[in-house]
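Top to bottom, those sequences are chains A and B. Per this note's numbering: the first sequence ends with 111, consecutive numbering throughout. Per this note's numbering: the second sequence ends with 574, consecutive numbering throughout.
Misleading hints may appear alongside valid ones.
As the list claims (entries may be wrong) - Calculated cross-link-like contacts (lysine-lysine; reagent style DSSO-like; alpha-carbon spacing at most 30 Å):
no.	chain 1	residue 1	chain 2	residue 2
1	B	K533	A	K47
2	B	K573	A	K58
3	A	K6	A	K58
4	A	K58	A	K12
5	A	K56	B	K573
6	A	K58	A	K33
7	A	K56	A	K12
8	A	K33	A	K12
9	A	K47	A	K12
10	A	K12	B	K516
11	B	K516	B	K533
12	B	K573	A	K47
13	A	K56	A	K33
14	A	K47	A	K58
15	A	K33	A	K6
Worth flagging that the hints you see were computed from the coordinates, not collected in a lab.
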Amino acid sequence: GAVVSQHPSRVICKSGTSVKIECRSLDFQATTMFWYRQFPKQSLMLMATSNEGSKATYEQGVEKDKFLINHASLTLSTLTVTSAHPEDSSFYICSARDPRAGGAYNEQFFGPGTRLTVL
Amino acid sequence: DAKTTQPTSMDCAEGRAANLPCNHSTISGNEYVYWYRQIHSQGPQYIIHGLKNNETNEMASLIITEDRKSSTLILPHATLRDTAVYYCIVRVYNNNDMRFGAGTRLTVKP
């Protein structure tokens, strides 16, 4: 299957700073990427859908000014957590959709995740 | 997308088959059944998906009932490395997003 990478794999930052997380589709062009957040012992929660060249669509309750998403190319989407606070500490996971897939082939692939810890 | 119901947790002996059930009684005709798993502190891993026929790949088999209201994921010979949370998701193929329920925590024991 297709490969999606994330960088960094883990980051520790001080409260009030901003953190950028990158999501890349390595062997396909992804017109759509998704960002999820996962708190300990909970399931993944969809935060936003990112379409290349257009503004992201945020889920209800997700602050778009706090979680800035940029999808400037077909292989890269970034999530910036602005003015991070301890309650933003979480596991952030991206996924990307491979538009070449059809029918019998899975079309959505997930990155390995980024563990954010805000002190 | 249709809602799914899975048991919270299951145990399985190493080397035995692990059978993970999923109920999706409100599934629509154009919705597929997807299975992903998440090993601790990793991103979800695709396992298998199907529409109405049973499917098999190198990882698992997917058995879908004739009325499509439930399905079972079968790991034929579970290993310790199959310990993970398994998510059953029902969605229209190529629909924009994939939403996760609570999943089933499978523990494979030696």
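- request: Please name the hints from earlier in the document that this structure breaks, with their numbers sorted from lowest to highest.
  value: 1, 2, 5, 10 and 12
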